[in-house]
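Work out the full structure: start from the sequences and follow the hints.
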Amino acid sequence: MKNVELFNVSKSYEKQKEVISDISVSIEPGEFFVLVGPSGCGKSTILRMIAGLEDITKGSLRIDGNEVNLLPPSKRDISMVFQNYALYPHLNVEENIVFGLDVKKVKKFERKERCMEVAEMLGLTDYLKRKPRHLSGGQRQRVALARAIVNQAPICLMDEPLSNLDAKLRAHMRSEIRQIQRKLKITMIYVTHDQVEAMTMGDRIMILNEGKIQQVGKPIDVYNAPANPFVAQFIGSPPMNLATANINLSKQELSIGGRLKLSIPSNDLQSYQEDTVTLGIRPEYLKIVNSINTKSTNNYLDVKVEHVEVLGNETIVSFQLDTYRWQAKWNGQWNVDVGDIVPIAINYESICLFNSASGHLIKGPTQVENHIIHEVTV
Amino acid sequence: MKSQVELNGMLDNVVKKKKGIWQQSLNWRTALLYLLPSLILFSVFLFYPMGKTLYLSFFLTDRQGEANVFVGLENYLYLLESEAFLKSIKATILFVLYTVPTGIIISLFLALLANEKLKGIGFFRTIFASTMGISVAASSVVWLFLFHPSVGFLNKIIASLGGQGVDWLLDPKWALLSVSITTIWMNIGFTFLIILGGIQNIDEHLYESAKIDGAGYFYQLRRITIPMLSPTLFFVITVSLINAFQTFGQVDILTQGGPSESTNLIVYSIYREAFVNYQFGTASAQSIFLFLCILVVTILQFKFGEKKVHYQ
Ligand SMILES: Nc1ncnc2c1ncn2[C@@H]1O[C@H](COP(=O)(O)OP(=O)(O)OP(=O)(O)O)[C@@H](O)[C@H]1O
Ligand SMILES: [Mg+2]
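Taken in sequence, the protein lines are chains W and C. Okay, so the first sequence: first residue is 1 according to the numbering used here, each after it adds one. Okay, so the second sequence: first residue is 379 according to the numbering used here, each after it adds one.
It cannot be assumed that every hint is accurate.
[What the hints assert, rightly or not] Distance windows between CB atoms, simulated:
#	chain 1	residue 1	chain 2	residue 2	range
1	C	VAL675	W	SER175	55 to 61 Å
2	W	GLY359	C	TYR597	48 to 54 Å
3	W	SER12	C	VAL687	41 to 47 Å
4	W	GLU95	C	GLY594	17 to 23 Å
5	W	LEU128	C	THR480	36 to 42 Å
For the record, the hints were derived by calculation from the structure and aren't laboratory data. Fair warning: this is a prediction, and the values are worked out from it, not measured in the lab. The C-beta atom is built at its ideal place from N, Cα and C for all residues, glycine as well.
Given below as structure tokens:
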């Protein structure tokens with residue numbers, strides 16, 4: 001188990017604009033660390049810098065406390081799974097798996113033994129003599145994984161290894177990779193652009209945009225309290241709803257488009273200096289109001305349904321709020337038609353507020369549906 | 379009641395019968411139409427001359443090349459006993475052995491160099507490939523000057539190093555080698571370009587992965603570059619072999635088959651037999667012999683070489 005630390009790392013290709021700016025992060029030994037962000041944000045570049053395939057323009061990279069900026073890739077104790085697997089097409093599965101051991105002149109007997117062990121773990125024993133082109137995408141991916149694992153390197157880097165797989169296989173491989181990582185206690189740095197993978201696999205995730213860190217944290221914390229509107233919209237599906245809101249301090253009131261008014265508790269008043277903020281709310285916190293007495297209060301909104309998606313166990317309803325398109329997610333199947341007017345309630349406790357200029361989070365949701373298993377079973 | 383499947387089958391039969399031969403051959407006729415231009419060209423310039431050559435090889439001819447006397451296989455028997463022809467075969471085989479492996483190894487080496495990511499590498503790529511743009515005649519003349527015994531550049535270098543000048547094209551021991559050097563130089567452009575293309579087609583990630591595993595340059599060359607390049611090398615070897623067997627221009631300009639027939643390669647020998655000695659019959663027999671040689675070599679190569687080739 002080894003840790004990996006980046007200190008103010010920047011990268012620019014051929015003296016052009018920086019594609020990575022000032023990244024500092026510390027990855028713990030044995031941690032499953034996920035790098036996530038939209039296409040072109042620099043995820044692969046960071047991974048390749050850690051692997052030593054790309055020079056670091058500025059800053060320092062440390063593995064186990066030692067600066068390794070100038071160390072060749074082979075001396076960094078890493079293994080890597082490439083985005084396109086990079087299997088050797090002219091070698092069969094077994095030769096592919098033991099390639100690295102062959103380079104390191106591991107004895108033939110031990111090579112065979114380690115290969116069999118890994119092949120067994122990944123269910124590849126039947127395919128050892130096949131060439132990669134005779135394998136399915138999922139099998140190739142497992143060979144790439146086997147090739148990384150067999151080296152027993154303490155740090156493993158993976159670049160979008162599941163992006164070519166179908167949804168079902170992807171879900172299966174997610175848990176498989178996670179289990180292997182736990183079992184072998186590998187420090188894993190995993191790149192993906194898929195927020196579901198990030199949420200489900202990572203001990204911690206780092207969200208990147210345009211080469212800058214947006215947020216680092218546990219998936220659940222990032223989900224609940226996104227640091228800025230970008231993260232809010234990137235993590236979660238459907239994304240968080242955003243709108244501009246006005247704060248009236250004297251009336252202790254928050255209003256969205258003049259239609260919906262929420263009262264601000266006096267405790268919170270001193271944290272608001274600005275008049276306008278960006279308001280965010282997760283689709284699942286947009287509740288439908290169905291009893292008359294809750295309607296008496298001011299915190300609901302009549303909206304006109306523009307689109308409905310029934311997903312079996314949940315229903316997603318889209319509507320227009322001022323200029324923003326919002327989505328609400330309700331459990332179960334709802335019989336709603338396009339054009340229906342639906343009253344929607346917004347709770348002050350479940351909204352996020354962001355500074356409209358800098359995008360910083362001012363207030364996160366305080367009331368989250370956070371179930372703890374012990375409480376339920378008691 | 380007949381089942382639906384049976385009914386369908388019967389329907390199909392009815393339709394097929396109605397179509398007739400004319401309808402059924404529609405695809406064939408369409409294909410033929412597309413092939414027609416090349417069929418005509420090949421017939422005029424390839425199939426007809428080949429047939430004619432085979433025909434002539436069984437005859438004695440007059441000076442106009444008209445078939446006179448049918449002699450059966452006698453032209454061939456004569457060839458196999460002719461010392462000049464056997465010498466020509468020997469020279470051709472030596473020439474192939476000199477030029478093909480050397481040319482490919484040099485081109486591979488240059489291609490590996492030119493594949494490095496260095497500043498101004500494009501200049502070297504152009505230079506290395508440039509012999510492709512020079513005609514056989516022009517480059518032969520250039521080499522004629524380089525090989526000149528007294529004012530030639532090569533002998534001047536040797537002299538300046540204190541050595542004894544060599545009669546490159548006039549010494550029977552050296553002439554074949556000199557023609558080989560010229561040929562290698564001329565072929566490098568094409569071979570280099572094809573091999574460089576092959577190298578650049580190899581996925582860069584394979585090398586990165588090997589680098590992470592700690593593989594050095596020569597390990598990568600042996601385990602990745604060469605195997606991944608095998609289809610390209612196979613192609614280049616085949617083409618070079620056929621080219622080497624058919625060499626004519628440089629022999630004609632540099633040595634005219636001399637001295638003492640040491641560079642009388644088979645195609646040049648055919649030319650002389652036909653257009654200098656007016657023996658079209660034996661010349662045709664030699665041509666057929668050359669054709670069979672190339673055919674056998676190519677078949678052997680495909681049979682044994684292709685097994686070692688990895689196609690994507
Ligand atoms: N060799 C290069 N030369 C110049 N610019 C490059 C080079 N490689 C990448 N870039 C640029 O760096 C930025 C980040 O690229 P990177 O490959 O890291 O993105 P990514 O986050 O991995 O995207 P994806 O999810 O599509 O794989 C991009 O804007 C890209 O254009
Ligand atoms: Mg990438």
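Results for each hint:
The given range of 55 to 61 Å is respected by C/VAL675 and W/SER175, whose C-beta atoms sit roughly 57 Å from each other. The given range of 48 to 54 Å is respected by W/GLY359 and C/TYR597, whose C-beta atoms sit roughly 50 Å from each other. Between W/SER12 and C/VAL687 the C-beta distance comes to about 42 Å, which sits within the given range of 41 to 47 Å. For W/GLU95 and C/GLY594, the hinted distance range of 17 to 23 Å is satisfied, since their beta carbons lie about 18 Å from each other.
Taking the beta carbon of each, W/LEU128 and C/THR480 are about 40 Å apart, inside 36 to 42 Å as hinted.
Every hint from the earlier list agrees with this structure, and none is contradicted.
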